[in-house]
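Engineer: Taken in sequence, the protein lines are chains Z and L.
Start counting the first sequence at 161; every next residue gets the next number (the numbering used here).
Start counting the second sequence at 161; every next residue gets the next number (the numbering used here).
Source of the hints: derived by calculation from the structure; they are not laboratory data.
Remember, it's a predicted structure, so these values are computed and weren't measured experimentally.
Certain hints may be false.
As the list claims (entries may be wrong) - Simulated crosslink set (DSSO-like; lysine-lysine; CA at most 27 Å straight-line):
no., chain 1, residue 1, chain 2, residue 2
1, L, Lys296, Z, Lys361
2, Z, Lys386, Z, Lys344
3, L, Lys296, L, Lys361
4, Z, Lys293, L, Lys361
5, L, Lys344, L, Lys293
6, Z, Lys245, L, Lys361
7, L, Lys293, L, Lys311
8, Z, Lys361, Z, Lys344
9, L, Lys311, Z, Lys311
10, L, Lys344, Z, Lys361
11, L, Lys293, L, Lys361
12, Z, Lys245, Z, Lys293
13, Z, Lys344, Z, Lys296
14, L, Lys386, Z, Lys245
15, Z, Lys311, Z, Lys296
16, L, Lys296, L, Lys311
What the hints assert, rightly or not - To list a few chain Z residues with every Cβ distance to chain L over 10 Å, as calculated:
no., residue
17, Gln174
18, Glu178
19, Thr269
20, Thr297
21, Leu299
22, Ala325
23, Glu331
24, Glu356
25, Gln372
26, Val389
27, His395
28, Gln396
29, Gln397
Here a beta-carbon is modelled for each residue, glycine too, at the ideal position from N, C-alpha and C.
Listed below are the residues making up each chain.
Protein chains: 2
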Amino acid sequence: MAQLTLRDLDVALQALREGRFVLLHDSTARENEVDMVAAAELVTPEHVRIMRSDAGGLLCVALSRTIGERLGLVSMIEILRSAAKEYPVLGYMNEAEAPYGGRPAFSITVNHRRTFTGVTDLDRALTIAELAKLSKTALADGVDCQEEFAKQFSAPGHVHILLEAQRSLAERRGHTELSLYLCKLAGLTPAAAVCEMLDGKTHRALNGYDAQAYAHSQSIPVIEEKQVVASFLAHQQSN
Amino acid sequence: MAQLTLRDLDVALQALREGRFVLLHDSTARENEVDMVAAAELVTPEHVRIMRSDAGGLLCVALSRTIGERLGLVSMIEILRSAAKEYPVLGYMNEAEAPYGGRPAFSITVNHRRTFTGVTDLDRALTIAELAKLSKTALADGVDCQEEFAKQFSAPGHVHILLEAQRSLAERRGHTELSLYLCKLAGLTPAAAVCEMLDGKTHRALNGYDAQAYAHSQSIPVIEEKQVVASFLAHQQSN
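Looking at chain Z on its own, in the form it has when it is part of the complex (with noise of 0.2 Å):
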């Protein structure tokens, strides 16, 4: 991809501010994957619809690690780890360390409970901005959120969570972790909803000229890793 800029590191932020999509890289060096990215908080059942069409992979809701806490979540590695006691396969097939390095960020799958199906756009939506909503309560009174977490989603359901790592981008370099960072820089609550772009004609990942293309034809920012890493090392440095 091309060389970037500070100032496409503005662009972006603005777009998450106003509700668009960013396609966010990571390095070359790990999944070498092109995400599309948007605020939870401001996604509508067109956003899901754009990004199970145009980018084509698992539709999730990355949470930061405090969100995630306070709403009571932990990985699906320590779930299932938990249930491995009674039910053993469960324990073998745990992965730790993904091919690419790191451990898969997935936690639980949900529906917000006014959903239906929990599958349908509408319904996708309403359960990725409740989760946007509910996160930003947790956030603001800095309390357990757990029985409202419970009292307004079910699961098994049909949006994945991703957590964040402990340690964030100290940590992990995802687009969980690049996501959220992203969220946070720009002000907003950090809820980020994630899709993988996928390439139907070499049925791999979408490379990073199409990628290009598909944003330069809708007019989405694209952001690269280490664009987003910098910044993450310019704010420790300067605290």
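Fit chain L to the supplied structure of chain Z, relying on the hints for placement.
Structural biologist: Chain L alone, transformed into the frame defined by chain Z:
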């Protein structure tokens, strides 16, 4: 949808045997949803591309109850219930009854260990086809295949496993039980790739008329829940 005849069932079974899709419509009193269905053992990356592009729901593999038992699988409801001893919120979120009736069929998500990110058409097709292959072995050998399952697959992953209800169509008439019954009737391994058809215009489930139009344009057979159930009940009586 139009009135269906016994011949429709034969046409659908033949399509499945040839690795082609069937559209499967459940009861209007239940989800009232059309799923794309293909025999898991014949799934290719192109099937995955078509399901994610043209259907748009979650890409799942339904496995028969016997296969699930031989792989050591249980439903996500049991897993969350078990893990709730350590992580209480999971117990309260558990959805034993979906809004459309009955319990969700979800078990764990998996990747075949030879995949990379797990989400590409190539990766998901490999996971689905290898699940069917191991399922066939598990049925043929009549033995516990948990060790082999954990050796070949990791969790969490990018393909949702759905488990057939204990008493199949006598208990639950979801796309899981209906598609598995079709596989059994067709003489195929009871492992079906399924994906809900969504409508980007209304942001709801694709309605029956639009599903018929799509099926016609792609020469895909359509089959109704009542047709499958009628065959199931006739077979039950003759046994």
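Engineer: Each of the hints needs a verdict: does it hold here or not?
Structural biologist: We went through each hint and held it up to the structure:
no., hint, in the structure
1, L/Lys296 x Z/Lys361, "violated, 30 Å"
2, Z/Lys386 x Z/Lys344, "holds, 17 Å"
3, L/Lys296 x L/Lys361, "violated, 40 Å"
4, Z/Lys293 x L/Lys361, "holds, 26 Å"
5, L/Lys344 x L/Lys293, "holds, 15 Å"
6, Z/Lys245 x L/Lys361, "violated, 46 Å"
7, L/Lys293 x L/Lys311, "holds, 14 Å"
8, Z/Lys361 x Z/Lys344, "violated, 35 Å"
9, L/Lys311 x Z/Lys311, "violated, 38 Å"
10, L/Lys344 x Z/Lys361, "violated, 33 Å"
11, L/Lys293 x L/Lys361, "violated, 38 Å"
12, Z/Lys245 x Z/Lys293, "violated, 35 Å"
13, Z/Lys344 x Z/Lys296, "holds, 12 Å"
14, L/Lys386 x Z/Lys245, "violated, 41 Å"
15, Z/Lys311 x Z/Lys296, "holds, 16 Å"
16, L/Lys296 x L/Lys311, "holds, 16 Å"
17, Gln174, "holds, 27 Å"
18, Glu178, "holds, 21 Å"
19, Thr269, "violated, 7 Å"
20, Thr297, "holds, 16 Å"
21, Leu299, "holds, 17 Å"
22, Ala325, "holds, 15 Å"
23, Glu331, "holds, 19 Å"
24, Glu356, "violated, 5 Å"
25, Gln372, "holds, 19 Å"
26, Val389, "holds, 20 Å"
27, His395, "holds, 29 Å"
28, Gln396, "holds, 28 Å"
29, Gln397, "holds, 32 Å"
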